Amino acid sequence: MSAWDDTGTSRIPAWVYTDPLVYQRELERIFYGPHWSYVGLAIEVPDTGCFKRTAIGERSVIMIRNRKGEINVLENRCAHRAMRFCQERAGKVKSLVCPYHQWNYNYDGKLLGVPFRNGVKGNGGMPEDFQLEDHGLNKLKVAVRNGVVFACFDHDVEPLEDYLGPDILSSFDRTFDGRELVLHGYSRQRIPGNWKLMMENIKDPYHPGLLHTWFVTFGLWRADNESRLRMDAHFRHAAMISRRAEQVTANVDTMVTSFRQDMQLNEPLLLDIVHEDWWGNDTVCMTTVFPNVIFQQQVNSLSTRQIIPQGPDSFDFVWTHFGFADDDAEMTERRLRQANLFGPAGFVSADDGEVIEFSQEGFEQDQAFRTMCELDGTGVGQTEHMVTETLIRGMYQYWRKVMEL
Amino acid sequence: MTVTTAVRERLADLYAAYASCLDDGRFGEWPEFFTEDAWYRVVPRENYDQGLPLSTLSLKGKAMLKDRIYGIESTIFHAPYYQRHILGPLQISAGADGVFDVRCNFLVVRTKRDMMAEIFSVGYYVDKVKVNETTTLFTTKICVFDNDLIPNSLIYPI
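For the protein sequence lines, the chains are A and B, in the order given. Taken in order, the first sequence gives residues -14 to 390; the numbers are from the working numbering. Taken in order, the second sequence gives residues 3 to 160; the numbers are from the working numbering.
Hints are computed from structural coordinates only; laboratory data are not their basis. One should not assume that every hint holds.
[Stated by the list, open to error] Label-pair restraints from in silico Cβ distances:
1) A:HIS219 / B:GLU34: 52 to 60 Å
2) B:ALA98 / A:SER80: 46 to 54 Å
3) B:LEU151 / A:GLU143: 30 to 38 Å
4) A:HIS140 / B:GLU120: 28 to 36 Å
Nothing here was measured: the structure is a model prediction, and the numbers come from that model. In this text, a Cβ means the ideal position worked out from N, Cα and C, and glycines have one as well.
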């Protein structure tokens, strides 16, 4: 495996994004190790027997509600012959049946029965010591916080609240405070880049006010906006919190060529922003929870963005947009309209997928290349402005520790 | 109101012109295929079939369509690509007030520079078209796509 030959995290080697052995170790230690992964919203499985299929790393899992109303996360792999028996994305079932040999499991993943267990006309059958309880589905550890479901293959993982730490927990609870959520729908895209590039994209407050013309021109995200960057004690998670400038009259810096003094919307409704009480003074809060989810509040648009890696050079990016049960029709319409800014076609998101693709191409073309993430120095820490790459350096401090690279 | 041969011809011309406008990259002309208060929507089949309201794009009114074109031409950074729309036969049924319901399969092939052509999007249009003496315009155009994953990003209209 490749070696990282300095002790810092500001010059990230290209192989971090391309080496298949590094990627295999990431799956084992990060996605299947003691880290909480997002699997969905509890409202996606409203009733007993309702399920949703998704993935943690490259392992297929099923989120399902049991008879007690609890949510289980089970690995989508029959204990018999490893079949990924669940092929529908979502639905409602009486039990989980693998069609290959009709092994039948309940909502808790317990094996209920197998055909021909006692043989047929005295022939065959399972051995005498066969016990149903030895052959259930692999059951993950689950944490549900205010309607958001996380799971982990490692049952020794620390509690979710400790995993997030107080600063990230308060960013999380700001949106998910226990209010009932309403599902608006999904967007799915496959981005040909390493999965970490998406985490970095949302830990990088440097780019939005440059790449995304809309952000800088309409003041949604600018280097001169009041902001703060927070991390957990291990620097693996982060929150970028900022306040939109009420009046945007001048360019932030003459070097910012994406600022358009004269840009006017033909339809101002596209940016019809209405303040919601729960925001406080902040108009945007982007929270990255390592390793697989981003929680987005950008003005009135809310989403979770899930990362499902597909090899070292590709990942699926699943957006789940939602609102609150007490939204009136006008607010729902507003959230749906502002969703035009986000997702695979979004005015300020489509180009994130594009730049990640082209970064990956650059990493592929020269393994000896190293990045230069030294905006605001080489250190890592809580920061009260956006002109920094500290959050990226922080994530790699944790990554290097876990990966022993 | 019946679907006359003349209406069929008008609609066939509309779809051919719409496809060639997009395939030629004449995006400035694209809003002109719509009425002032038209609704243009691109939506994954997953959402559409379940009645989930989220769209990949949901543009209401010609003004918003113009903003999208400004976006793709001036603000969204992306790799350039060609589009080729292959449309199926029109399935037309008559509604009220000169508005026709039209359903039509589409296949959009994308060709990026230095790349092979690839299927970019496949699905069907669920449209409402207002036909009067001089104009044939979309009042609603819903592009429902089957492909579960968008290959990275969707920039141009489909």
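For each hint, the structure was consulted:
1. A:HIS219 / B:GLU34: 52 to 60 Å: Since the Cβ atoms of HIS219 (chain A) and GLU34 (chain B) sit about 55 Å apart, the hinted range of 52 to 60 Å holds.
2. B:ALA98 / A:SER80: 46 to 54 Å: Holds - the Cβ-Cβ distance for ALA98 (chain B) and SER80 (chain A), about 49 Å, lies within 46 to 54 Å.
3. B:LEU151 / A:GLU143: 30 to 38 Å: Holds - the Cβ-Cβ distance for LEU151 (chain B) and GLU143 (chain A), about 34 Å, lies within 30 to 38 Å.
4. A:HIS140 / B:GLU120: 28 to 36 Å: violated, 43 Å
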